[in-house]
Amino acid sequence: MPPLRSPLFALVLAAAAAAQEPAEPPRFEVWHPRRPATEAEHQVAKWGPRGLPSPGYVFRAARVLPITAPPIDDGVVVTRNGVIEAIGRAADVAVPAGYEQVDCGAAILMPGLVELHCHIASETFDLNDTVHPTNPEFRTLDLIGMEHDQIRTARAGGITTALYIPGSGSNMGGFGTLTKTWGKSPEEALVRFPGSLKIAQAGNPEREAGDLGTDMMGMSEGIRMTLLDGKRYWERHEAWQAGRGEKPEPDPTLELLRGLFRHEYPVSVHTQIYQVVLQTLQQLRQELGLWTVVVHGTFDGYRLSEDLLRAGVPVAGGPRQYHFDRATGRFEGLLGNWSRGGQHGWRAPVLGLGSDGVGVNTDSPVVPQEQLPLQAAMAVRLGWQHEWALRGLTINAARFVGIDQRVGSLEVGKDADLVLWSGDPIDPRSYVHVTVVNGTICYRRNPNRPEF
Amino acid sequence: MTFPIHHRALLAAGILLTLAVDATAQGRGRRGQRGERPPAPPAEAKPEDSKPAKPKVYVAITGGDVHLGTGQRLTGATVLLADDKIEAVGHNLTVPEGATVIDAKGKVVSPGFVCVLGNGMGAGRSAPYADAVNPYDPEIKQGLAAGITAFLAGSVGSSAQLTGSNAVIKLAWGDAKGMVLKEDAVVGLAAELSLGDRDKLTEAVQKAREYLQALEQFPKQKAADPNAKEPTAPPGSEKLLAVLRGDAMLWINPAGGGGGFAMFGGGGRRGAPRADDIDAIRQALATAKLFGRGVVLQKPTSGWVIPDEIAATGSMVFLSPRDRRPADPANPDRTGSNLAQAAILAQAGVPVAVTCPVGMFGGAGVGIGGILGQDLNTPQVDAAYAVRGGLDGRKALRTLTLDAARLLGVDRRIGSLEAGKDADVLILDGDPLHYATFVTMALVNGKVVYERAKEPLYSHIPR
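Those sequence lines, one after another, are chains R and V. So the first sequence is numbered by the numbering used here: it starts at 1 and just counts up by one. So the second sequence is numbered by the numbering used here: it starts at 1 and just counts up by one.
Be a bit skeptical, because a hint or two may be false.
[Said to hold, decoys possible] Which bits of chain V does chain R cover? Going by a derived footprint, with three or more residues having C-beta under 8 Å, they are:
| # | stretch |
| --- | --- |
| 1 | 84–95 |
| 2 | 179–191 |
| 3 | 316–329 |
| 4 | 370–376 |
| 5 | 383–389 |
[Stated by the list, open to error] What follows is a list of derived Cβ distance ranges for each label pair:
| # | chain 1 | residue 1 | chain 2 | residue 2 | range |
| --- | --- | --- | --- | --- | --- |
| 6 | R | ARG449 | V | GLY246 | 35 to 41 Å |
| 7 | R | ARG27 | V | ASP83 | 55 to 61 Å |
| 8 | R | ALA106 | V | ASP429 | 21 to 27 Å |
| 9 | V | THR232 | R | ASN446 | 55 to 61 Å |
| 10 | R | ARG310 | V | PRO456 | 53 to 59 Å |
[As the list claims (entries may be wrong)] If you only want the chain R side, here are some residues facing chain V, beta carbon under 10 Å, derived:
| # | residue |
| --- | --- |
| 11 | ALA62 |
| 12 | LEU143 |
| 13 | PRO252 |
| 14 | ARG326 |
| 15 | ARG330 |
| 16 | GLY336 |
| 17 | VAL366 |
| 18 | PRO368 |
| 19 | GLN371 |
| 20 | ASP427 |
| 21 | ARG429 |
| 22 | SER430 |
| 23 | HIS433 |
| 24 | PRO450 |
| 25 | PHE452 |
In short, the hints are calculated from the structure, not lab data. The structure displayed is predicted, hence computed values, not measured ones. Ideal Cβ placement from N, Cα and C applies to all residues, glycine included.
Chain V extracted, bound-state conformation:
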């Protein structure tokens, strides 16, 4: 891509500024944090520490109809938060003295929604996201009003090379440090590789494995021979190693690059993809086997035709339930896609996350374009359509919570209301998947960041 001169100058200035800020404020190079593990949660204060631990700030959300995000539901339970984590969830919990109590009686409590695709909402446009977030972006409030507390920002590649530059962003209004959950969470790859590219990938995986094995044995070697040389990573293997180590999720796009002009939610000749992508999915599953771990299939057309093959590799899927492709009338049982795809895949044990349709309007952001029901302003609509297609209504919330977090590789941190996880909680005025349900209150990292009654966005709308 070429930029006009003034754009280039601006870009250069921006990079310099980023470098300067980064270097002075954080004392490390621009790339210092990229590709590394996310910082571990702060260790528990040890008893022998002389400094007394800072007393925990407790918040108790009591009496609500609690949807855990796992598919389970506890009526009239308490969700106890301590600082930025969930301390406990259950009935008859003892609420610590001094805790802030939020009465959720008659309301529904749920984990914050996790969107596998997104943009805006305070995320910057390029890595490192830690330096680019805007914790006061008004879109954050809009996202919170929609129930979103985390999403994947940035790009996921879809070529023969492992590429992508992205981060899982949390909607921690006013708290820049709390916004980046994980940089480079996802690495992308095309499904269909030429024989040459597949050979190259196979060889690269082999070399990376050898490196990891050598690295593992190095301490022992070093003990035996103090002069032993530390193994070095094969050049350009950063992303490959991240996937092999489980530090990044591998997303594979069966549609290949582009995906065509998709103004039409379905139908229409222009840009219509082929009636099936079984071959591409099978190539993606071969890649999963090569890496020895499940991959994420991005909006496959034919996943529902071979759900057991997908499940057998531990792979996962995200899709927009409303995307439909007309079947080839001569082969209706193996072509096209329909509203039942999420249900069929979930039934086979494949974790499924949902996202909104991508068209000329709407798309994976909140925005103010006004075409409601087609974008991230109402994530529950996509889960609702999966239910229309047969997905068990009790488990459908997982498509926006725990299973979405799994697809992003951050399910140890977010996606369900379980002790030890991040305190990202919604209080809703009704069934989480009902079209008219509003978020009454949202908490991210244990802090109240949105209250419907206090924000102009939707507070005037009668209920």
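For reference, chain R alone in the conformation it holds in the complex:
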């Protein structure tokens, strides 16, 4: 930098510095500009049922955490027929006649937790079918069973919604399913299919997708070619709907890719390491214009926190919760770093994704599904804000995949998915008293035989 020659020059410099420093960092918002405004306007995605019959309950707890509103001491949540009817202080909410009271004393009541990256739809670890380098014709929808061991245990861990996605054995594992963890049938439990398209950018698919080369350039090409097929199909469809051209011949695989370009659901991308996350950002979000969610965004990907903030790409982190930076000898807490931004080793300080852009995932069965809250606890240990962790487990995750109109917070009209905790929900010493899905109590703790 040249020496300061005049006060005027110094003034210009100061003004430039002030211009670079925004008064308040931009608030994170998920980028999906084409997303249909209502569920009814979705053409490809299939939404699960709402308002299924459930008894009238009044859940009372010492502290209610609605997540999107301030905590309520001695609060109640009134539910019936699958939805939340009322929420407030016990003194203020009238108990409707015939509703059963469920009072767990000094408990914490919060919305059910939302898992964004797991592979436990089926009892065996069979989600890595790899027929081609990309497999958009695969889907997890038909694999879901409500009594699989890990789904049962998930309820005991407070998880009520999960995105069951194929594994990362190939670059495109197939379409995942957003499902509740309880229902009288998989159809009743469905939240939305597709939940997302699973893409594994790198860092796993190298093992099996050898025919296009085993490195990042080759894998990128495979992902691009498949998605461009879907994009052309979507464009022909849009043209036909606008009255131009023929209706494209129906193709079930391309049909699901069409929904992706309509922003009816996101791509959830297994991506990690700075270069690979950058590739995700450039290829999927910027070049192809997809609604992009980074899942298990680990290693040093957090160095891109400001880029993702500006691109509206959220991050769910786990099962890794730290990156050991050999250059500094530090254990870098991943979710704290994604959220806060800051000085990431070799880059100038960058903005973080803040309170709204970061979530948490288990990658179960790598970390068992029921230990989702522990993932958040470990992130808090390494510097993530506790309050942000509670958001990351609920409303953030719901927003990332576009189901926040149904789940993720305690609000009147939302799904009655609740968890009553004995204490701090992310403290492994706390346990779940009761889990409620769609207004039905689907787990009650038996102290002699706790499922978790």
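Following the hints, position chain V against chain R.
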């Protein structure tokens, strides 16, 4: 196991080197120390000794909320260390002149954590560990940051023979001599033995007992008959004698060898063990009776079904509370395992230690793999899950301290803050079992070996 040629050559060279170093530096054969008692702590200086005793170096940790490791807790107490031992713990202690005072007001003081299973952290890969430790292994700092001050390194056998090669290692950064607390601390055995093997074991125990009795009577015999021949130990009875004498702990693995592929923390068909191991546990308890002393059950599935039977033999258990096995729906009260197992066993009086789950990731080491909460980087998480399952929160610290030391047979040396024990102490910034608590300072053998503020590992993380 076969090694490629160059590996074999390296191995041979390594052994030769070890032998050479050992022989010259310590003047004894390679096996000289194996299987013997650990060296006794240095005797107190006797008054008649002409040489004046070296003045003691005192460290006083004052004002902390002191968890003794026994389940008791003293608020605002002082822990006084003299050289490498704990001199006293209590209120209103007189701090000797010249003592280094560490103010722990607003902090928690606890014994260092003891891990019943571990690897790395400065321990060598084979016996004798005294010759193989690396007191400058960076993993030692990582272990100390996790609160670990001692762990069992090496292998514990699980066959019909008594086998195992291991040592209790202390995380004495920079002090090789202070790192090996006890070689061959543990001997392993399979739970389920064939009738033939059980006969052999019974006979071997019988012969070993006869030898020990003969040995005991030998001085008297020798006095009566100067030509009396000293009894000789039955061949191959070294480990058996160590167990009978109480020099080594007998660990028994109800799961038998292997234990299956355990990528999944629970559930899943692949590698899932049987729904109960009651028969195996009962065989292990029969072995305990044969030896006349309690054994250690390694991660039993069904211990919680028969806790009183285990307690009656004086046996102990270590487990990973999160390991769960689905119950047989037809017999839910006697099959499977669940989070309550630690609580049920402890309630029956069985000492319980906890360890981390063993899976594809994590495992019984610190490492830098990043899957936090599944390995030894956060030992308190495993104790915390035992509390979730009903273990009394006030006693849960024992699963990482005193009871863990008992399972390793080193509870006279470590595991609690009591006068005379090793000065292995943690200063923590909060509740020892809280997930966010950090070790502020760790002392091993009376020396400060870790300070969070001075190490790069976690010092940048805001609190």
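Tested hints:
Only residues whose C-beta sits within less than 8 Å of a C-beta in chain R count toward coverage, and the stretch 84–95 of chain V has 0 of them, not enough to reach three; the restraint is violated. For the stretch 179–191 of chain V, the stated coverage by chain R is not satisfied: 0 residues place a CB nearer than 8 Å to a CB of that chain, which falls below the threshold of 3. Under the rule that three or more residues need a Cβ within less than 8 Å of chain R, the assignment of the stretch 316–329 of chain V holds, with 4 such residues. Coverage of the stretch 370–376 of chain V by chain R holds in this model, with 5 residues showing a Cβ closer than 8 Å to a Cβ of that chain against a need of three.
A stretch counts as covered by a chain when three or more of its residues have a beta carbon under 8 Å from one of that chain; for the stretch 383–389 of chain V and chain R the count is 5, and the coverage holds. For ARG449/R and GLY246/V, the hinted distance range of 35 to 41 Å is satisfied, since their beta carbons lie about 37 Å from each other. Taken as a hint, the range 55 to 61 Å holds for the pair ARG27/R and ASP83/V, whose Cβ atoms sit roughly 58 Å apart. A beta carbon spacing of about 26 Å between ALA106/R and ASP429/V agrees with the range 21 to 27 Å that was offered as a hint.
One distance hint, 55 to 61 Å for the beta-carbon pair THR232/V and ASN446/R, holds here, with the actual separation near 58 Å. Distance hint check for ARG310/R and PRO456/V: the Cβ-Cβ separation is about 31 Å, which falls outside the suggested range of 53 to 59 Å. At about 19 Å, the closest approach between the beta carbon of ALA62/R and any beta carbon in chain V exceeds 10 Å, and the interface hint on this residue is violated. Taking 10 Å as the C-beta contact cut-off toward chain V, the hint placing LEU143/R at the interface is violated, the least distance being around 14 Å.
Restraint check, PRO252/R versus chain V: the minimum CB separation of about 31 Å is more than 10 Å; hint violated. The beta carbon of ARG326/R comes within 9 Å of a beta carbon in chain V, closer than 10 Å, and the hint placing it at the interface holds. About 5 Å separates the beta-carbon of ARG330/R from the nearest beta-carbon of chain V, less than 10 Å, and the hint is met. Interface hint at GLY336/R: satisfied, since its Cβ lies 8 Å from the closest Cβ of chain V, which is below the 10 Å cut-off.
Residue-level restraint check for VAL366/R holds (minimum Cβ-Cβ distance to chain V is 6 Å; threshold 10 Å). Hint status for PRO368/R: holds, given a least beta-carbon distance of 4 Å to chain V, under 10 Å. With its C-beta approaching chain V no nearer than about 7 Å, GLN371/R sits inside the 10 Å limit, and its interface hint holds. Taking 10 Å as the C-beta contact cut-off toward chain V, the hint placing ASP427/R at the interface holds, the least distance being around 6 Å.
Interface restraint check for ARG429/R: the shortest CB-CB distance to chain V comes to about 4 Å, inside 10 Å, so the restraint holds. The interface hint given for SER430/R holds, since its Cβ lies 7 Å from the closest Cβ of chain V, which is under the 10 Å cut-off. The criterion of a C-beta within 10 Å of any C-beta in chain V is not met by HIS433/R, whose closest approach is roughly 12 Å, and the hint is violated. About 5 Å separates the beta-carbon of PRO450/R from the nearest beta-carbon of chain V, less than 10 Å, and the hint is met.
The beta carbon of PHE452/R comes within 6 Å of a beta carbon in chain V, closer than 10 Å, and the hint placing it at the interface holds.
Hints 1, 2, 10, 11, 12, 13 and 23, counting from the list given before, are not met by this structure.
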